[in-house]
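Trainee: If you want the building blocks of each chain, they are given just below.
Number of protein chains: 2
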Amino acid sequence: MTYAKPLTMLLQALERLPGIGPRSAERIAFYLLRTSREEARQLAQAIVDVKERLRFCTLCFNLSEADRCPVCQDPARDPSIICVVEEPKDVLAIEKTGSFRGLYHVLLGAIAPLEGVGPELLKIDELLHRLSEGTVQEVIVATDADKDGEITAAHLSKLIRGKPIRLTRIASGIPVGSHLEYADQATLARALEGRRELF
Amino acid sequence: MTYAKPLTMLLQALERLPGIGPRSAERIAFYLLRTSREEARQLAQAIVDVKERLRFCTLCFNLSEADRCPVCQDPARDPSIICVVEEPKDVLAIEKTGSFRGLYHVLLGAIAPLEGVGPELLKIDELLHRLSEGTVQEVIVATDADKDGEITAAHLSKLIRGKPIRLTRIASGIPVGSHLEYADQATLARALEGRRELF
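Protein chains in written order, with the numbering used here: chain V, 1 to 199; chain A, 1001 to 1199.
Think of the hints as simulated: they come from the structure by calculation, not from any bench.
No residue lacks a Cβ here, since even glycine has one placed at the ideal position from N, Cα and C.
With a cut-off of at most 27 angstroms between alpha-carbon atoms, the simulated DSS-like pairs for lysine-lysine come out as follows: (1) K123/V x K1005/A; (2) K1089/A x K5/V; (3) K5/V x K1096/A.
Here are some, though not all, of the chain A residues that point toward chain V, as calculated from beta-carbon distances under 7 angstroms: (4) G1019; (5) A1046; (6) V1048; (7) D1049; (8) L1054.
Chain V with its partners taken away, still in its complex shape (with noise of 0.2 angstroms):
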């Protein structure tokens, strides 16, 4: 005796998800199947609209329901600055600040060699491609702060220095209302390198 066909094959799926071990697996799909018929529904219906009505922008990568998304698609923004981020949910990170107003690509991923994540599996090709119509006069480069983060700051370092674009990095440094003490030792380093001028 096993699980039940129906059962099994949500095992099954569940467990290819990130994150999900076979323990979790087991929980949320017992969850499931107690659960009223009508949650159960809405969740497979997101999945399925969410692959549907979603998709990446042709231009930067970022989640759009149209061809392109929201940001490539408004006049309003200079063209000639393009800030590279990782994920789709950084750009929403940066728009929430409200202090930006170019344009953005977003990488889908960073390159990270532990997980065998090579450069040709991020949308890098497709940057250069965008920075080799002469538009873009500065890349500002916003990967994460960690490992693969930087990583990936350097290959792209690599590949756009000696073009005529300007190429900054976001900067470390001690996060805004943060102690100075609490501050690890690497942010605290970066935070002495990174010093400006005052004022």
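Got chain V; can you put chain A on it based on the hints?
Mentor: Showing chain A alone in chain V's frame:
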């Protein structure tokens, strides 16, 4: 700017699942966005199928594709012994041992005072109803050996004691193949308490 509607809906649906917080929901949602349409469709279909094709056995509350589960339908099983477990997966675990030939009763949970799960949420009335029919001669309480499982066992004992039915509890003790020195104190104390004659 926020996430597009389909993504927001998916995140909300995912966050309702047990053990899935905002971070894991995001991770899963972006995974689904990037995976093949076929894999996403399979997951959605598996969720729908499990709700439409699986239900709980009307007699013992084991999972079943029919009104009665395969165990309850099997004429070779001994209806005079009922093994009470917390979850359908416990039925599977016991079936795998091949050493039980009676029927089951799945409580669909355990009494958990800290989580607000009282006996009224479990299939206890249904168990008492089965016992009242006079066929059952032994009830083996095989709830988990943790706190909730023991509370549940004690509660069942109070309800069944006094009826002309043998009431037993599965043994706690040193796991087979494991060393005495590695057993925790509670397990060791239980193992001593539950000692048997050596023939």
